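Peer 1: Produce the complete structure using the sequences and hints provided.
FYI, our numbering numbers position 88 of the sequence shown as 88, with every residue one higher than the one before it.
These are calculated hints, taken from the structure and not from any lab test.
Any given hint might turn out to be false.
Claimed, not checked - DEER-style ranges, computed between Cβ atoms: (1) D25 / A60: 19 to 27 Å; (2) P2 / L69: 26 to 34 Å; (3) Q19 / E53: 34 to 42 Å.
Bear in mind the structure is a predicted one, so any value in this text is a computation, not a measurement.
No residue lacks a Cβ here, since even glycine has one placed at the ideal position from N, Cα and C.
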Amino acid sequence: MPERPWHFNLVLDAPLTPQQSDLLDGLDRFHEGGIGLAERPGYSRFMCVIRAETLTAAIADALDRFDDLPGVVVRSVELNAIALDENGMATAAVVPVPPLADVC
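Peer 2: Have a look at this one:
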């Protein structure tokens with residue numbers, strides 16, 4: 001399977017601290033392309049466009065970059081409407097919770 005660009009967002013559990021922001025500025029892995037910080041008050045996320053064979057491989061590549069950024073926790077991976085369109089996906093996958101009788 002050939003590599004292609006995959007679009008997604010990594011949402012952090014908390015905004016970056018000033019120390020984390022300073023550290024991020026010096027990390028080459030975050031400046032080699034494919035991932036960019038987007039912030040607003042009380043919120044931080046990374047917008048990603050990563051080349052890989054699969055979406056899961058692209059997400060793993062992006063998450064590996066956080067090894068060098070201590071204390072930062074990625075809360076979720078988001079595929080918004082633009083990402084779904086860019087990825088050639090029709091809709092987000094939704095798996096309903098099974099009925100309680102099926103779980104017990």
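Peer 1: Now look at each hint and say whether the structure bears it out.
Peer 2: Here is what the structure says about each hint:
{"no.": "1", "hint": "D25 / A60: 19 to 27 Å", "result": "holds, 24 Å"}
{"no.": "2", "hint": "P2 / L69: 26 to 34 Å", "result": "holds, 30 Å"}
{"no.": "3", "hint": "Q19 / E53: 34 to 42 Å", "result": "holds, 36 Å"}
Hint compliance for this structure: no hint is broken.
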